Amino acid sequence: MDDFERRLLKLPLRCPTQGLDDRVRSGKPEQTAVGQRDQQSPEQAGSTPPIALPTAGVKPAKPWNRVSRWTGRLTRRQRVALGSIGAAAALGLLLVWALSLTRPVSAMEKMAEEVRKAKSVKFTTIGKNSFVFLNLGNAPKTVKTRRERKSISYWRAPDSIRTETTDPSRWNGPGPESVKIMPGGNRPCLMIDNRAKTYRFRSPSDKEVEMTKSLPPGSLGRFYGDADGELGTKQIDGKKAYGFVIGIKKLNPAALSPGLLEIWLDSHTHLPLFIRNEGKTETSSWTEETSDFQWNIALDPKLFDATPPQGYRDVTPRAPAPGDPVGQITAALRNFARCGRYPTKGREVSEKDWAEMLVAMADLMRSMLEHGEMSFQVKADSPQKKIQAEKTAKEELERIAKNREGFLQLWAIVDAGRDFAYYDTVGPKDKTKVLLRWKLDDGRYEVIFGDLRAEAVTAEKLRALEGK
Amino acid sequence: MGTAAREGAIIREERMEVSLNGTLDQVYSECRRQLFTCALAITRCPDMAEDAIQEAFYRLFRLNCRPQNVKAYVFRAVRNAAIDQVRKNSAPVNSIPEFAVDFIFDPRRGPADAAMDKEFQRRVAETLMGLAEDERETIVQHLYGNLTFREIAEVREAPLGTVTSWYQRGLEKLRARLEG
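Protein chains in written order, with our numbering: chain A, 1410 to 1877; chain B, 12 to 191.
Isolated chain B, as found in the complex (with noise of 0.2 angstroms):
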């Protein structure tokens, strides 16, 4: 390979590393909150999300190669990085009562919102700790983290099928114990 050759081959490497940054920064910006709350599912503990996100972007940051579905993709390496923080942190920090009662909700509700509300939300909560793992994943991801099923078959690396059926399933047995 000659000298020209290779000065293009990095510099198409540099531009791709660049636009591939500048994707996972818009990213980021967009479904920041989403990755929060999807990492926060699964390790149950505001911090290891964090570390979780920051850990896979880290990682992010230094790829070689383009992902097809680079949203899918952040997901998919937040979700293990947070798989990676439960390992690696399976013993409770601390532990704060209000995050048993809220889950992935916000337990600061100002003055203005209804009792009836909060304790909806308590309810929400404690039937989505009871759910079944892939469902309340599946609905957390989708609800709150806003994405597709395909999306969420690409993350879980599950069938689109079966992706459908534990999100129809955890939302019915959400459905029954809230409104029945």
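Isolated chain A, as found in the complex (with noise of 0.2 angstroms):
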């Protein structure tokens, strides 16, 4: 102990009264109210007169003084109790504030949360698409074709989807030009061509039935975020209706071009009423209009039912018959090349995924040619085109079944999970860079160079090789 506590330890204290002896002895309980005792006089009290100020000083006690004195008071585990219940209290106020702060919910948000509750929706879609294809004929040449097609479309919960498909100009019935059946879950996929009566399946995991599962109105129920402007009210089919535009983008990430999606929207149910999708790309452009939503009604189950028509054709891909594949791959990009590049293929495109886009690719081109819906065979109004078109289009055919076949092996190697990497950034000029190779089974590389020439090297040299 110091000097200054010896100091302050000489302060005289103040004396509890006399009276305060005999009412602890006495043994009972607490009897002189404050209020009370000072009504007696201090004669009457035994004691001094009463001095008492309760709270803080001289100063008139405050609502917080008073708080901070109780909290004072407690002892320390009540202290963490409460401490606890405050801090949960804060943590609860901090998150009902983050919920107020949070913006409020988008009509976007609203139907997409009115779609993903849905059941069931049947709808229909007129589409209109333009395909330019640049390596017809002898030599390079840039041909555009136009296809208007209506499509009905069935989907039920969760992912089964039927879309029956005509092309009002060419097909008349009986039943849909063509009908995608995808039953849901990893159940294969049908493909009727009833036209050409054929079929093929196709896994669910196909890019083809990947692409149909990602349009709308499916993909809408994946939707979070805002839209990107407002298209105001109107009228549909005597229901109001608000209206959105959106990105594609925004809806599915691998969507092929960055086009908008009009979306109109029944004010009372917030399901869609009317969809304006547009998009281009380097090759195509196309604009559907989808109407005539029917949400939530009984669908026949059959409708999902993909069993292939009896009488029909199996058309679907199937590993390629014994041949060269260097010789055939080399041929059906040489034809490609033709337009001066090879296939594109995309960052976030899977080689099997590629591969089947190129088969499928000409087996369209063979469609469209068979069924003279080229614009050149359609532009061939003299004798002497119409001959000249059929030449080209028997020599197109030609052509386009070496690229299937071609591209039918190297979907082969890929599906075979092949060390396999395809270079799109090298072009016909590059002729020491590496365009396409895949591993042998003797441990070495075929390499297909930009010139098309083809190698087998050791791995090292294929290291050495793409180091270029």
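Watch out, some of these pointers could steer you wrong.
Claimed, not checked - In silico lysine-lysine, DSS-like type, Cα no more than 30 angstroms apart, as pairs:
hint, chain 1, residue 1, chain 2, residue 2
1, B, K184, A, K1419
2, A, K1526, A, K1643
3, A, K1419, B, K129
4, A, K1848, A, K1811
5, A, K1803, A, K1606
6, A, K1838, A, K1848
Unchecked claim - With the Cβ distance kept under 10 angstroms, some of the chain B side facing chain A (calculated, not the full set):
hint, residue
7, S40
8, L51
9, Y69
10, F114
11, L154
12, E168
13, L182
14, L185
In short, the hints are calculated from the structure, not lab data. These numbers come from a predicted model, not from an experiment. Note that beta-carbon positions come from the ideal geometry of N, C-alpha and C, so glycine has one too.
Join these two chains into a complex; the hints should help.
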């Protein structure tokens, strides 16, 4: 104890009254309330005149002072408990505050929520597509073709889809021109071509199937966020509707183009009434208008039955016939290179999807040529032009058949799980750069260069080549 | 349990009660003034401090078991009773400015007391009032309540280190304000 403490100790303290001794020793509980004692005379109380200032000195008591003094009197355990309760309450308030700050649920999110709740829908789509083919004919040539299609689609939760498509200009029935049936889950999908009387099965993970599933309205249920713009309100089929514009990439990041989607929602149900979809890529452009939505209707389960129709030919891609993979692949690539470049792939597309797409593209072109739907065939109005067009079509059919064989070999290599790589930045002029390579059974690599030379090289040499 | 055993138990209880009451009486006699000061530091009202002591002892005299440290237990009981008093009588009953001036110290000093000491007492009271609750109460309990830090820790249900740090911090503040 230092001098300062000793000096403090010397200060005289207030003394309790003599009456306290009697009150304590009487063993009785507190009987003299403070307020009552004030009314007693000092003699009656047996004490010095009462002095009391129970709160903060001469200052008037403030509510906060009382609180802080009260908490100061609590035991440690009580303080910890009170602190925990206070912290929990503060966290709760913080959460409420944070939630109140978050933006209100947008109309688009309301729509997404309603779409997610939906059990089924039937809708009609009218699409107009323009394709650009770059390598038709003997010389590099750009050819455009247009198609208009009408589709009636059925969707049943969670992922069953049936789409019946008809091009009225070339098919009068009976039934739709083509039917896609995606039963859902991991079950194989069935693609029926009523015009060619063929069918093919596709894996649910195929690009074509994935693309169909990523189209509206199914993709609308996966949307979180705001629309890019508002279109106001209008009447659609006697219902009040409000519209939005949204980038397709927001709905489907893997979409090929950064097109826009115009969506009109029923102001009562928040479900789509009309959707307009526009897009454009390097080789195609399209416009699709979807309307006549019938939400949550009973759909016949047979609509999603993927049983092939009797009497139809199975054209499902199978492993290619034994042949010279290198020769067939280089032939297909050479055909493609007539337009000055090799097929592009894109980073987000897997090798297998890419190879399948090339095969499917060849199938599509063959189908269009067989049915005279290429624009150079349509324009063949004179006998000479018609003969020339038929000749060109025949040559093109042979070329497409070769392309298909080559791309099917490519698909088989990828499908076999071989170490495979394709560099779509390499062009026909890059003679020494590796365009394509895959691992052979003996451990070496088959390499196809930019000039379509082929060579089997060791892994070491491949590394050196790829280093270029 | 037989009659003899039951009688034995009763006798033991009576003896313990007599013994505890005697100890409590002794603690009261020895620490009467310190108890009052400590209660006063909480209630800031002499009447409420006395009521707190009376209430605490009323309960203590009815204890069925003997605490390990009777002195600390008594101080804790008085402290709790003082807190109860403050809660019950939150509004000021009356206001005497001299209490604000002198806090726990006796304002009725004799004529022999030097004016300088009176001024020091006023400044100590004023500075004590300005300290944090824990610091003020610890200083009062240790310096004027004559409680050791270990006893204060027991009374306050706080770690010993915390109590000493409250005391040191409060004392430093007092020293800085009074001597600085």
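**OP:** Grab the minimum C-beta distance from L154 (chain B) to chain A and call the hint holds if it beats 10 angstroms, violated otherwise.
**Re:** holds (6 angstroms)
Original post:
Under the criterion that the straight-line Cα-Cα distance not exceed 30 angstroms, is the pair K1848 (chain A), K1811 (chain A) satisfied?
Top reply: holds (23 angstroms)
**OP:** Assess, step by step, whether the Cα of K1838 (chain A) is no farther than 30 angstroms from the Cα of K1848 (chain A), and give holds or violated.
**Re:** It holds: about 24 angstroms lies between the C-alpha atoms, which stays within 30 angstroms.
**OP:** Would you mind confirming whether the straight-line C-alpha gap from K1526 (chain A) to K1643 (chain A) stays at or under 30 angstroms?
**Re:** Between K1526 (chain A) and K1643 (chain A) the Cα gap is close to 25 angstroms, so the pair holds against 30 angstroms.
Subject >> Status of the L182 (chain B) interface restraint (C-beta, 10 angstroms, chain A) >> reply: Given a least distance of 7 angstroms, the restraint on L182 (chain B) holds.
Subject >> Restraint outcome when L51 (chain B) is required to lie within 10 angstroms of chain A by C-beta distance >> reply: Cβ of L51 (chain B) sits 6 angstroms from chain A, so the hint holds.
Original post:
Taking the closest Cβ pair, is L185 (chain B) under 10 angstroms from chain A?
Top reply: This interface hint holds because 7 angstroms falls under the 10 angstroms limit.
Original post:
Quick one, is the Y69 (chain B) hint okay against chain A at 10 angstroms, beta carbons?
Top reply: holds (4 angstroms)
Original post:
Is K1803 (chain A) close enough to K1606 (chain A), meaning Cα to Cα at most 30 angstroms?
Top reply: Given pair K1803 (chain A), K1606 (chain A) holds - Cα atoms ~22 angstroms apart, limit 30 angstroms.
**OP:** Using Cβ atoms only, decide whether E168 (chain B) comes closer than 10 angstroms to chain A, and label the hint accordingly.
**Re:** This interface hint holds because 5 angstroms falls under the 10 angstroms limit.
Subject >> 30 angstroms limit on alpha-carbon distance, applied to hinted pair K184 (chain B) and K1419 (chain A) >> reply: holds (19 angstroms)
Original post:
Taking the closest Cβ pair, is F114 (chain B) under 10 angstroms from chain A?
Top reply: OK, holds: F114 (chain B) within 10 angstroms of chain A, min 8 angstroms.
This entry satisfies every hint, going by the numbered hints stated previously.
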